[in-house]
Amino acid sequence: MDCETFERVVLDRVFLELDELTMGSAQRHVAHCSRCRTIEVGLRATRDVCRLPHVAPMEGFVDCVLTQERQIRSVLPLRQRLNRAVSMLASYAMRPQSTMAALLLLMIGASLFLVRTRPGDRDLVQVTERGVPEVDQESSVNKEGTAPSAMNIGFADSGSNAPLDDAQGLEELEHARSVRANSGCFAALELLETIRRKYLTSDVGLAATWDAAECYTSLERKAEARALFELLVGTHKYAKRAKAQLAASDTR
Amino acid sequence: MTRFAEDQKQVTDEVLMVRYQRGRRDAFATLVSRYASTLFSVGYYLLGSEARADKLAQDTFVQVVREAATFNLEVQFRSWIFGIFHKIVTESNSSPPEIFDNNSETATPTADPPASEPAPPSSRAFRSQLLARRVATRVASLPFAVREAFLLKQTGQLTMIDIATAVGTDLDTVRHLLRTAFDRLQESVTDTEEYARALR
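Protein sequences, first through last, are from chains F and C.
In this text, residue positions in the first sequence follow my numbering: the first is 299, and each later residue adds one.
In this text, residue positions in the second sequence follow my numbering: the first is 311, and each later residue adds one.
Calculated from the structure, these hints are not laboratory results.
For every residue, glycine included, the Cβ atom is placed at its ideal position computed from N, Cα and C.
Worth double-checking, as some hints may not be accurate.
Covered, in the sense of this in silico footprint (three residues per stretch, anywhere, with C-beta under 8 Å from a C-beta of chain F), are these stretches of chain C [as the list claims (entries may be wrong)]: (1) 329-342; (2) 368-382; (3) 439-446; (4) 454-468; (5) 484-495; (6) 503-510.
Examples of chain F residues toward chain C, derived with CB under 8 Å [stated by the list, open to error]: (7) 309; (8) 343; (9) 356; (10) 366; (11) 371.
Based on the sequences and whatever the hints tell you, model everything.
See below:
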């Protein structure tokens, strides 16, 4: 370090604001430069001697400042108040307990929102052999409760989407179907016919009619089968399928 | 004293300021207590009037309240508050100060050190009072920028970098201002016993 550089940083050295490297370099310089050493010593002495005593502010100064502060903060603009409120809330939110509590509430809220209904609360859905929900296809109900007739076998209510309301009939139909599945059409036919007659105007009755017709077909009792398919042609739900069955039986 | 109040005493200025930003007014009260005397002293020796120093210090704190939201931890609080102080004093001193002639070497200052207990003549305390008076007189005669840099360093206890930040200049300028101040003050104290003692 030369004298010019030393003079530039001498005050930093006097006030101990030099980095270690430059401090060492300056130290080596003053060790062999008496002129710079004299300057430094003089500045240190001036630093120590020229200290002005602190002056205490007037009495009540702090109270006066705090009063002004209160007044200013009472009329802070909305934005600053909002910022302050957010800042305060954020400081609380940063606490682990608050965070955990917030997470817990979030989880409870989410579980209430996404909770699934119990299986028993759902509508019963019957599935046909082809995997199609039966209710969708056969949900027509005879709303007017018209008297059964051979040609009007629930046909008046074709197109009705009312759900099956005859739980007992449905149960019986299920039983008949299970008999058909396990013991064959011969055993189930009588049950299906009973249901068909009993619930003639309802969806259950139509479904039993369809099943009975199928059973007659499989048992080669074509006349009975045809009679039932012809009945079903008059319905909205089964018309297409019944016609197809009739057409198939004509070709056989 | 409560544990909370004791805690406030130990934390840094920056932490207190952040607490104040979050609505803790007691933190601001602590900051006022810490800086009241320093700001008032710098203002007093800078302007040469107790009344003006009082107003300057109050205005500075008021501005701190107004600008509290802008404070961030990247700057030293000391540097930040003296930056506000500098801004106010510069704005209020756009015309030459009433008391001091900035360029006059012979200006008569009124910013004497505060009158303390009268010391008996020839005692060390008495000599110290005389020396302080002499230094204050010499400081008052310095040009405004030099005087301000000197007071921020010696009374405000700012580092040179903090002074540069506070007054919005570069480090070399601060070095130059301080060197000017120290050279001139040195001339006026070389004949004192205290200076001779300090040289040893």
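Each hint tested on the structure:
1. For a cut-off of 8 Å, the count of residues in the region 329-342 of chain C with a CB near a CB of chain F stands at 7, and the three-residue condition holds.
2. Given a C-beta distance limit of less than 8 Å, the hint that chain F covers the region 368-382 of chain C holds, as 6 residues qualify and 3 suffice.
3. Check on the region 439-446 of chain C: 4 of its residues sit with their Cβ under 8 Å from a Cβ of chain F, so the three-residue criterion for coverage holds.
4. With a threshold of 8 Å between beta carbons, the proposed coverage of the region 454-468 of chain C by chain F holds, since 4 of its residues qualify and at least three are required.
5. With 5 residues bearing a CB less than 8 Å from a CB of chain F, the region 484-495 of chain C meets the requirement of three and the coverage assertion stands.
6. Residue count for the region 503-510 of chain C with a Cβ under 8 Å from a Cβ of chain F: 4. That meets the three needed, and the coverage hint holds.
7. Among the interface hints, the one on residue 309/F holds; its C-beta lies about 5 Å from the nearest C-beta in chain C, closer than the 8 Å criterion.
8. A hinted interface residue such as residue 343/F counts as satisfied when its beta carbon comes closer than 8 Å to some beta carbon of chain C; here the least separation is about 4 Å, so the hint holds.
9. Interface restraint check: residue 356/F against chain C, minimum CB-CB distance 6 Å, threshold 8 Å, status holds.
10. A distance limit of 8 Å between C-beta atoms decides the matter here; for residue 366/F the minimum to chain C is near 5 Å, and the interface restraint holds.
11. The beta carbon of residue 371/F is positioned within 8 Å of a beta carbon in chain C (closest approach about 7 Å), and the interface hint is therefore held.
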